[in-house]
Every structure is written in C-alpha cells, then in structure tokens.
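Chemist: Could you build all of it, start to finish, from the sequences and the hints given here?
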Amino acid sequence: MSAEEPSYSETARDGLANACLQRSLRGLQDQCGKGALAAWRALPDPTLRSRVKARRVETLAHLDRVLEQLADGIRARGGQVFFAATAAEANSYVLDLARRRGVQRVVKGKSMLSAEIGIDAAFGAAGIEVLESDLGEFIVQLAGSTPSHIIAPCIHMDRQQIGRLFADQLHIPYTDDPPTLTRAARKVLRHKLLTADMGLTGCNLACAETGQITLVSNEGNIRMATTMPRLHVALMGMERIAATLEDQRDLLQLLTQGAALQKLSTYVSFVGGPSKEGDPDGPEEFHLVIVDNGRSRILADPEFREVLACIRCGACLNICPVYGRIGGHAYHSPYSGPIGAVVTPLLQGINRHADLCRGETLCGDCREVCPVQIDLPRMLVALRHKLAYGDPGWQVRPYNRIEALGYAIWWRIVGSRRFYETFLKICRTLQRPFTGPEGRVGRLPGWGGGWTEGRDLPPLAPMFFRERWRQMYRENQTERGQQGAEERHHGQ
Amino acid sequence: MNLHTPVSLFIQCLVDTMYPEVGEAMVRIFDRLGVPLAYPEGQTCCGQPAFNSGYQREAAAAARRFIELFESAETIVCPSGSCVAMVRHHYPELFRDDPELRARAEAVGAKTFELTEYLVDVLGVTDLGAVFPGIVTYHESCHLSRTLGIREPPRHLLRRVQELHLVEMDNSDSCCGFGGAFSVNYPDISLAMVDEKINNILKSGAGTVVGCDIGCLMQIRGRLTRRKENIRVLHIAQILAAGENR
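The listed protein sequences correspond, in order, to chains A and B.
Going by numbering that gives the first Met the number 0, the first sequence opens with residue 0, and the numbers climb by one from there.
Going by numbering that gives the first Met the number 0, the second sequence opens with residue 0, and the numbers climb by one from there.
Rather than coming from a laboratory, the hints here were simulated on the basis of the structure.
Note that the Cβ used here is the ideal one computed from N, Cα and C, for glycine as well.
Pair ranges (Cβ atoms, derived):
1. B:D97 with A:E128: 53 to 61 Å
2. A:M462 with B:K227: 27 to 35 Å
3. B:G128 with A:W446: 39 to 47 Å
4. B:N198 with A:R40: 20 to 28 Å
5. B:L201 with A:P432: 32 to 40 Å
6. B:K227 with A:L404: 33 to 41 Å
7. B:K227 with A:R40: 35 to 43 Å
A few chain A residues that face chain B, going by a derived Cβ cut-off under 8 Å, partial list only:
8. V321
9. A387
10. Y406
11. G447
12. W450
13. L456
Modeler: Have a look at this one:
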C-alpha cells in the first residue's frame, strides 16, 4: 500500500459510517447473495458446478494451447490478437493503435481489467477522451470515484446522490426518479457512442473452439460499443477462456445466475472479428488484447491456480459479511470482496495488500456461493502463511516479526502441559486488576485492547476444566459410567 | 460406536480456561447416557489460532502433539465445531508432504466429532431429557455449518428439550465477526458484524441465544453485555444438561 493511500481499516471505517452504503449493501445481499445460494440448490443438475469447475481447471492446465486456438480463430476472420505480458504492454499497444488511427474519443464497456491496467489514465495523458457506457460505471466516472462492486459499480450511491450529481454535471433539473435519470444518461451516452472512434470492452468469456469472445450486458451498451465505433478493442484476462462451446454455455449460465440471478442476461454478444463486406454494421478492425499481468505466476503456483477459475460474477461480494459491512472501496483495487482479497495481493503484491489477506473471518460463505466452488478461505490462509514467514518465490517479507515471535512463544506454552498450566495460572493472578465488579474484563492493555474496545471479556475461571476434572470427575469415573448405564436401563 | 464406546473429551482451550461449565455440562450429558469418559490431561490447544494466522509450523507442531495424545482414543468428542474442523480438515493439509503423519492425522480426524454431531448422527440420541423453559434462538457457527456441514443436529436436540421454544433468527448462519485474531486486529469490522448478529437475535424475540462454538458465544456475549442487552448466551451443552428429569 502506498504511503498516501489510506489503510484497509481506515477506508473500512468510512464504509461502516456510510448509512447509504449500509442500506444498499443490505438490500443487495438479502436479494442476490441468498438468491444465488437458492439458485444453486435448485439447479436441475446438482453436479453442474463441480463439473464446470473441473473443466475450468482442466482448461487452465493447457491454457497456452486454448489461447492459441482462440487467436487462430480470430485471426482467420481478420481480427488481430496481441498477447500483453504486462499492464504497460497492453496500454501501449492500445494507445499506439489509437494514435495511429487518429482516435479522439473512446467509449468503454464495463471492464475490470481496464481498471487493473490503468488504461484510463494512459488515454487521459494522451489527450484522448474516455467515457464509460455502462450506467453504473458512467455514474462512478462522473462522480470522479471508483467502482465499489464488480457488477454494481455505484452500489455505494443512492438515487438522491445520483440526482444531485446529474444536476451538477449534466445540468439537468434535480430529480431522484430513476427512469428520468436513466434517460438523461442515455441521451449523453447515445451521442458519445455514435461519435466514438474506438469501443473498448472487456471479455466475460472467450471460447477456443469457436474462436470468439462473449460479452454479457443488461443495458445494450455493449452492443453499441462493439458495433458503432470503427475500432473495437477487447481486453481479456488470459484465464477467461472456455475450451469448448459446451463449456462456455455452462459457464455463461453460472455467470449470469451468480451475478444477478438471471437465467441469461438481457444481451449476450458474441464477437469473433471485424465486420465483413456486406455486414450492415460492425467495426472495421477488431483487436483482442490478451493480458497476463501476473496471471502466469498465479497459474504456476498449484496453491493459487484455482483462483484463475473465477468468472467475476460477484456472487462472493453479495454474501460476504465483511464486504457487506465495509463496501468495496476498502479493498483499494478494482477487485473487491472475497475474490479481491485473494486476487489483489497475488496480482499487486502480498505485503502491499497484507490487510486484505488478514482482514476476513474465514467464514466460508464465499466458498459456498461461488458458482465454480473456489476455496477462497483456503487461499487466504495460504497467503497468511506467506506473510507469516516470508516467501522469496513471491517476494514476500515476513509481515510482523513481533507477531511471529508471539506465535513462537505460543507454541512453547501449548507445547507443554506444564508450561501451559503454569502460564494460565499466572495470567489468572495478573488479570485481577482488569476484572470489573460484575466479574468481566472491560479493558485490556496493548493488543488485547482491540477486543475490549467494544466488548467485555470473561475472566479466566477460578478453576479451569482440567482442575475441576481432576478434583471432581477423574477419581469416580468408572462408578459414574456404571451409574449412568443403570439409569438408562431403568428409563427404558 | 455406541453408548459403550469410551469417549475422550477434547475440551478446547477457551472452554477449559474461560467456560469450564460447558465442559462440565458435557460430562453430565455423557454421564446421563452412561458413556464412559476419559480426559487426556496433556491436552492444550489444537493449533487453530496459529493455523488461521498463517503460522503453519507452529500449528503443525500443535497438531502433531494432539495426534500423539489422542490417537489411542476410541472416539474423540469436542464442544466446538471450529476445533473439530481444524482436526478433521486442516490437520491432513498440514502434513500434505508427510504421508505417514498425514495418514495418522486422517485417522484421528475420522474419529473426532463435534458434540451434537456425535449425539445425533453417531449415537442416534436426540432426547436427553433436558428441560429449559424459554424462547431460544440458535446461532449457526461458520465452521460447524459450512466446513463440517452440521446444520440440523443441534436443532434436533433443541427441539426435544422440554419447555424450550426454538425460534429462528434471520441469517442464523452468517458470521458473528469473531474470526479469532481478526476480532482483535480489525475490531471495527468485527463489531459491525456482531452488532448485525445481535440485532437479528433481538428481532427474533428470543431471551436466550445458543450455539455450539464458544468463540462465537464469547464474541456475542461480550458485545451484549457491553451494549447492556438482557439476553442470555449459552453453549448448547449447558441447555442439554439442564433440568434432568429422568
């Protein structure tokens, strides 16, 4: 985390204090999170998710081959494919293209990857206008903010705030009526979509067998962004590929159900190349930029490879009790929620995002709701493991030497019955000044203060269970067992 | 395994040191059933705090110690879902590179049970003759419900308690915000989560909240008393051991 960026805990506090965010997230989680779990329970084929997951992992195992197959298909139709190893390579390819073709205005379809690689700033520096065409992204862009949810970017704003923003920025009379606001946005967007030189989209899924990419949307903006401008550039994370059409169909179903409880999104666009002669519309050029930017490293590590199976549906955000309280901005990444907590450190640095690795309870909700059953809690623990001792392979430094020493001492204590009992007896004596009149510990010094800041702690018991066992139970164990058996016999 | 199978008590550290009455309630329950009990006195901590924080070397050392101490037991029963999840699921992971220890870990994991799971799924007992007058709501702890898949046994047991009226709270299986070190490292988030849980408990109309994991209960109770709410917090063993009427 850079020095000027506020910490996870600090931004989390802002989220906790934001009443509008709290209301929106509750609504979202009550509906979508629980809805996705219900949808999985109601699947006609209960093995669908595990089968799709297995196929996804299998595809990842020979990613190089399926990506080549995809590229061949697109090139055969006159499209161009560029493999970008880094964000910088991807940005400079797109920017070069824009310059060569005299692009002045770019319209974007929703793309998390575009935020990951920071392409907006690159366009801005080159004096090229960039406009988001997804309504939520458009609102966030207008507000000069960042998305706080993978699928619902402006979930942190309510319609009153959006009304004020539109009055301010679009110079319309204030209203908080959603259809009126949507019409106002549509008017702006329509003009920009019709006059843009380049459409820049993401890629929800690609299919190697058919050689095309697939985009889902509910607003129709993707259709326009991919067909109206003379250039269409799609940014694709290199893992986002299905080997066969059948795989793609299954993934698409899980994606739209996981994201928004839809059997299918309102629009599904399949793009395999530029327009051909005689086509009524479509771009003159189609470029697919396949981005690595740290994904190869994840792929090479069996412990984390599984995270590349993610299809970015956002279901884990819709159920996570941590995300549900703090919102997406605390994650300081385009990828928020449980998936962000795993993938952001892996892509951008484990030390830099140590709070993301540590700031969850491992409750397992995300694993349960994930359409492809990714075990995110397991990987959070694996990331913490790297932070605990450091890992040169991932350039991780030990996170906190004092904590490490604490656990080394902890093991010395619990590793021996004698140490354990002696230590706890000492603590029992030392706790007296901290124990209040009603028999609770209300204030602890140091690290323990994190607990007592909002909670009481029970004091250590005057007699531990082990002491009571020794005194009251151990001796007459056999007798008690027989007595119980007799009682049971009589009871029958 | 049946009522004659001796049970080795695995009393998690928090119960041992802070809530010994929960361990005693467990002893009373097994006494009532006539199940012979043992308590391996060398036991300390299963290693879960170290494991969850990433300190796998220390966790593995604790796991190894636990395995050596308990592998001669016929069956092991613990009043905590998360400790059982640790033994059953995470011990084998800790020894993934050591086939011999891994096999021993799996063997111990296979005979380690959570209390309600052992009573209902293994012994087939649901009626313990307990009496507990009052409206009770049940908090489903995360590792119990999602990692171990134990959702119904506690409810079966509670439904058979005389004079107990079980009501379901909203989101009974959503996390209380404890998460071990998380609760201390990220207190603001943890408190927001437990407040949500408490609001659901209050909304349910119950006078008592019951659970199977003392970590969650410590979190909920600690916040309730700080908020000066008049709700009782009990471990399920305490309810099942209450008011013998046989």
